[in-house]
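Asks: Each protein sequence line maps, in turn, to chains A and B. Under the working numbering, the first sequence is numbered contiguously, ending at residue 196. Under the working numbering, the second sequence is numbered contiguously, ending at residue 196.
If you are wondering where the hints come from, they were derived from the structure by calculation, not from laboratory data. Heads up, a few of these hints could be off.
A pair counts as met if it fits within one copy or between any two copies, since identical chains are not told apart.
[Stated by the list, open to error] 30 Å max Cα-Cα, derived BS3-like pairs, lysine-lysine:
| hint | residue 1 | residue 2 |
| --- | --- | --- |
| 1 | Lys15 | Lys188 |
| 2 | Lys190 | Lys35 |
| 3 | Lys50 | Lys153 |
| 4 | Lys68 | Lys15 |
| 5 | Lys153 | Lys142 |
| 6 | Lys15 | Lys153 |
| 7 | Lys124 | Lys190 |
| 8 | Lys50 | Lys142 |
| 9 | Lys183 | Lys124 |
| 10 | Lys124 | Lys188 |
| 11 | Lys68 | Lys38 |
| 12 | Lys124 | Lys38 |
| 13 | Lys183 | Lys153 |
| 14 | Lys183 | Lys50 |
| 15 | Lys50 | Lys35 |
| 16 | Lys153 | Lys35 |
| 17 | Lys153 | Lys68 |
| 18 | Lys50 | Lys192 |
| 19 | Lys192 | Lys35 |
Residues per chain, in single letters:
Number of protein chains: 2
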Amino acid sequence: MTRQEGIPLLQYIRKHVTLTEEEEAILLSVVQYRKYLKGHYIVQQGDVCKYSSFVVSGCTRTFYVDDKGLEHIILFAIEDWWTSDIGSFITQTPADYNVQCLEPTEVIQFPYHTQEQLLQTIPKLERLFRIMLERALVSSQKRIARNFSLTAKEQYLHFRTQYPNIEQRVPQYMVASYLGITKEFLSKIKRKLAMT
Amino acid sequence: MTRQEGIPLLQYIRKHVTLTEEEEAILLSVVQYRKYLKGHYIVQQGDVCKYSSFVVSGCTRTFYVDDKGLEHIILFAIEDWWTSDIGSFITQTPADYNVQCLEPTEVIQFPYHTQEQLLQTIPKLERLFRIMLERALVSSQKRIARNFSLTAKEQYLHFRTQYPNIEQRVPQYMVASYLGITKEFLSKIKRKLAMT
């Protein structure tokens with residue numbers, strides 16, 4: 001990958017750890033730049049997730065399809081977020097989730113097969129991943145808590161602050177799926193909010 | 001802390017990273033052994049979570065009390081698990097959750113104020129924490145997915161496989177709270193399962 005293509009990733013990394021120029025060069029020689037079309041899948045349920053992907057531009061949704069054929073959206077990812085089926089990635093077993101691009105999406109991918117070698121060469125990346133994972137875990141636990149105790153309207157209001165720009169970028173039925181409610185119920189909530 | 005007291009932690013760590021004897025000694029000089037009584041709180045909602053705790057023996061529940069005064073259990077932790085309010089710990093802001101001991105519980109605690117220094121001295125611990133967090137994140141995301149798509153009965157059956165020994169150790173109403181159902185509904189599920 002060229003240094004130019006790697007700039008968004010390097011900028012992100014610099015917020016958390018300081019790599020030498022040589023380490024940055026090693027990193028860029030290992031990660032891969034990839035452009036997906038709208039609708040493309042970065043991970044498909046049942047496949048093994050081979051990459052951890054840093055989103056440079058675009059928007060993805062992570063979802064799974066249950067036994068009844070219903071889609072459930074776990075999270076969205078936009079610029080500067082990471083996306084993968086983490087369970088599949090760390091165990092290299094078939095993915096439970098799909099990661100699909102809702103817009104043309106550019107990512108920088110860390111391949112699983114080089115990760116161990118990369119971490120041996122640049123141990124500072126352990127720290128980067130530790131920090132990323134801490135944040136992801138906090139966000140995931142908070143989501144469980146919200147599901148338990150917030151009303152659909154409260155969850156929707158929270159969604160708007162958590163993902164301030166996503167609502168204009170993704171279809172309404174996906175916002176509803178993320179919230180675990182029907183599209184019709186979401187419309188009703190929005191109509192009521194518009195009137196207050 | 002004595003080496004003897006630190007053995008369960010060292011055994012756990014050896015599964016993931018190899019520390020030198022000197023590093024083990026440094027680690028044991030920083031972490032703290034603590035015994036809590038049944039009912040004691042390791043973290044209380046509203047306080048800042050100052051420790052990340054490794055459970056040597058006993059059992060804890062992580063829960064929060066919502067605006068209506070209802071308790072919601074996010075997770076249980078037993079021997080060889082970690083427990084804290086991770087969001088509060090990493091940001092040193094007031095905790096959203098309580099961590100309470102359901103049995104007399106022995107833990108080994110990593111204090112926040114020494115964590116940065118410890119990670120600088122023993123960078124291998126970054127790796128250990130990264131691996132721990134990966135697993136915790138997978139487990140948390142799977143829980144979100146289960147909440148979406150499994151029936152209460154299916155969730156209960158999953159709970160029994162995930163926490164094989166906990167059901168005998170914690171009150172039924174807490175199992176129900178973890179599953180997000182009433183105690184009565186849990187009893188009904190168990191009666192039906194007993195008959196099949």
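Asks: For each hint, tell me whether it holds in the structure or not.
Replies: Tested hints:
1. Lys15 x Lys188: For Lys15 and Lys188, neither the intra-copy (41 Å) nor the inter-copy (52 Å) Cα distance is at most 30 Å.
2. Lys190 x Lys35: neither (34 Å within a copy, 50 Å between copies)
3. Lys50 x Lys153: neither (37 Å within a copy, 34 Å between copies)
4. Lys68 x Lys15: neither (43 Å within a copy, 39 Å between copies)
5. Lys153 x Lys142: Classified as both; 16 Å inside a copy, 24 Å across copies.
6. Lys15 x Lys153: Neither. Shortest intra-copy (35 Å) and inter-copy (45 Å) distances fail the 30 Å Cα cut-off.
7. Lys124 x Lys190: Close neither inside one copy (45 Å) nor across copies (49 Å); limit 30 Å.
8. Lys50 x Lys142: Both: 27 Å inside a chain and 19 Å across chains, each within 30 Å.
9. Lys183 x Lys124: For Lys183 and Lys124, the Cα distance exceeds 30 Å both inside one copy (44 Å) and across copies (48 Å).
10. Lys124 x Lys188: neither (49 Å within a copy, 52 Å between copies)
11. Lys68 x Lys38: Answer is within; shortest intra-copy Cα gap is 26 Å, inter-copy 43 Å.
12. Lys124 x Lys38: Classified as neither; 34 Å inside a copy, 40 Å across copies.
13. Lys183 x Lys153: both (13 Å within a copy, 27 Å between copies)
14. Lys183 x Lys50: neither (33 Å within a copy, 42 Å between copies)
15. Lys50 x Lys35: within (16 Å within a copy, 43 Å between copies)
16. Lys153 x Lys35: Neither: 36 Å inside a chain and 43 Å across chains, both beyond 30 Å.
17. Lys153 x Lys68: both (26 Å within a copy, 16 Å between copies)
18. Lys50 x Lys192: Answer is neither: 44 Å inside a copy and 42 Å across each miss the 30 Å cutoff.
19. Lys192 x Lys35: Classified as neither; 40 Å inside a copy, 52 Å across copies.
Taken one by one, the earlier hints fail for this structure at numbers 1, 2, 3, 4, 6, 7, 9, 10, 12, 14, 16, 18 and 19, listed in ascending order.
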